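Given the structure of chain E, go ahead and fit chain W onto it with the hints provided.
So the sequences go chain by chain: E and W. Each residue of the first sequence is one higher than the last, beginning at 570 in this note's numbering. Each residue of the second sequence is one higher than the last, beginning at 53 in this note's numbering.
Hints were generated in silico from the structure; no laboratory data involved. Just so you know, these numbers come straight off a predicted model, no measurement behind them. Mixed in with the good hints, there may be bad ones.
As a list, the in silico DSS-like pairs of lysine-lysine whose alpha-carbon atoms are at most 27 Å apart [unchecked claim]:
no.: 1; chain 1: W; residue 1: K244; chain 2: E; residue 2: K874
no.: 2; chain 1: E; residue 1: K819; chain 2: E; residue 2: K668
no.: 3; chain 1: E; residue 1: K925; chain 2: E; residue 2: K668
no.: 4; chain 1: W; residue 1: K244; chain 2: E; residue 2: K844
no.: 5; chain 1: E; residue 1: K760; chain 2: E; residue 2: K779
no.: 6; chain 1: E; residue 1: K979; chain 2: E; residue 2: K885
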Amino acid sequence: MGLRKRSAVIGAAAGVAAAALAIAGCSSSSSSTSSSAATGGAASNAATSGASSSASGPASLTVWRMGGSVPSQVTWMNSVVAEFHKEFPQYANTQVNVKWIPWGNRTQDWNNALSSGKNIPDITELGNTDTPAEAATGILAPLNSNLSSWSGTKGLVPGMLANDTQSGTTYAVPWFGGVRAVWYRTDQFKKAGITAAPTTWAELQADAVKLQNAYPGTSGFDAITNDTNAFASFIWGAGGQIATQDSSGKWTGNLTDPKTEAAIKYYVGLYTTAKVSPSKYIGQTELGNAGATSGGPNEDFGLGKLDMYIDGPWAKATLPKNSVDTANISSFPIPSQNGPNPAPVFAGGSDLAVFKTSPNQQAAWDLITVMDNPANSTSFAALSGFFSPYSAEITASENTGGPFMAGFAKAALNGQTAPLNAKNWATADNGKLNIIPTMLKQLMQGAPFDSTVAAANTQLANVLNTGSAS
Amino acid sequence: MVTSSQNRPGTPSPAGSANEGPEPRGPRTTTGRSVSLFPDRSFQQRAGIWIRKRGVGPYLLLLPATAVIAALILWPAVQVGLFSFQNYGLMQISGVLPTQWVGWANYSQILHDHEFWVSLKISVYFAVVVVPLTLIVGTLVGLLLERLGPKMRMFVSVSAILAWATPAVTASVVFANLVGTDGGVVDWALEKLPSWLGGGAHWAGYSWTNAALPAYTVLTVMLVWTGFPFIAVTVLAALRTLPSELHEAARVDGAGPWRDFWKVTFPLLRPVFLVLALLSTIWDFGMFTQAYIINGQLGNPDQYNLGLYEYAQAFTQPPHYGVASAAAFVLTIILLIVTVGYVRAAIKQGALA
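In isolation and in its complexed conformation, chain E is listed as follows (with noise of 0.2 Å):
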């Protein structure tokens, strides 16, 4: 009887051992066929359809924008494409749709646009940062000839053109442009007795800790280390570089340079030793953990959770609706080591470009010219707190921005954009290696300094130069 019994629970292991076997072949191979499923996909991923050109010109035109859709910027559009039918009676049948794409999905989206051939976009918005990478990834079309028939192209600010070319090949033009500076409230700098925006790092460290005191339970500042955009401004504050290329193209890492080891000494401290910033904000971005589109220091700000951070004009459109105080909200430049002038401000914005892959190329590059020329440039710019990629408009609006664009006015006469624009940055800073917000968030936690900073020096240089770390 015993043994009966026992040979039935031994039947019933095998059974389950020949389900477990069944299962781990499921477990295994679906994380194994991961990428050939989602790429599979992919295709159902985007929406609008793709124009047919007929001989008047293409049915449809398809600008993909990034972030959420704007009602102002709708607006914007609207008028734009009114004035492109005008100006070119042929488009006049041409419909131009607006499709939004959240900035998180903006490189799997191409990248599935130019796989799958469906669902391509005519022109694509991309960030001023993206465009060095994805022309070497091959999605954007060369523009140098439409360029050099424009009337708008001598007026652009030459670096952020620059920024879009490469060996002699041009693939987006500059659209606008925006620079981040620390937000702060007027009203709450008077409560804490602080007279003057900070123009050094003791300075902006001592006002941390007098809001903090000033407003109990709150944080003075965001020592966030995921955004490397704004913690550069430390670095170049203190006369420091991220890394440099020699003329023969090779890159140096200079993390281990003194002036840049005293900038990451003064921002890991802002955490570990002044508890200016609370421990929740490392590994977060300045909109909270990584895929997050709302949260975070911005969503502090605006509930009074926290009293300066660093963000660009922009982000008033992700401010909480129940933000406590919106009417107060000041900016001033980010300060550099012993001031009085500024740190330089990482010089970021948009480009237009053409998808490589879309049958319309022509069309596509006409309409850039709408929406890019001086006038609606900078009617867009004006929108959302950006500033106009021309020369003339912006030393035209450092004067009219207001008060709150007064901060970003000053900063963004002091830009800088290299290494951000590297070929191989994304790889060292979004997303797959993230190798100095890595080393920040580690230093925070308590890593040794020396050892962390190198060997991240190291993994710096190395993707800079091969697009690998190993």
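Using the frame of chain E, we list chain W on its own:
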């Protein structure tokens, strides 16, 4: 011939009878006779006879499942295997550049990648902690269920199964909110705890997700919570097949519950435990969904396990599908080695022999 006839009584299963050689003679002569008696039988009947004569029945029955597995798992796996030896990226997918064979370069890149070893370490530590924990909790609940009355047993099993049935994404989002820095109930409760219990103000806004240790602690609790019911129910099912005489005999000999479990229950259930341990290892070692959500999507590489590492290779810019495929195969090979180890142990136990 003699040996096969001797073997025949030992293989009374339907699978054995369908094979041509050892097929019992009786039925075949019956069908043979009936052919001559009814020459006008239908196509289905004739096909049935052909199938029985050739012994292809089992294979025909296996065919649909095999075809589905081949199409959905084997073929993609073969493709992933090919990609893993290719320089396969965006340019290759879109046809801008031709695909190049790169030999073992992708594998060598992974094995020389510091991040790979970090993520492997995290995956191994995680499995080493979670698998035994799940088994212990599951077994304890299984033993408890056996002792409960029918109503209570139903109540406890349904509650447990609800945890098991919670989809991974749902459970992860719930746990991410429980440990959230703004209004998460865990931080709130720890803050309220008296200081002699480890509570206090330093828990306010404590981030559970920005370092590997706290993040994988949360994941451990979550995976034990979602994993133990399956163990408990399986152990309960196995326990109920055990003869009560053995427990009675043990008790008569003076064994308490502890000795009874280790001397009677555990040895008899060892094959079941082996299988459950294998399953848990595969689930926990290859975990992706939960880690992706709790870590706040990809975040920083010092918090990757193998699943996140592999995903990051393929789906961050620029995409390295070849390297990711190689990483997927490395993960598969590790799991195969683990599986073979368990199966060997099971065979030694006589469980699968």
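For each hint, the structure was consulted:
| no. | hint | result |
| --- | --- | --- |
| 1 | W:K244 / E:K874 | 20 Å, holds |
| 2 | E:K819 / E:K668 | 39 Å, violated |
| 3 | E:K925 / E:K668 | 18 Å, holds |
| 4 | W:K244 / E:K844 | 22 Å, holds |
| 5 | E:K760 / E:K779 | 10 Å, holds |
| 6 | E:K979 / E:K885 | 18 Å, holds |
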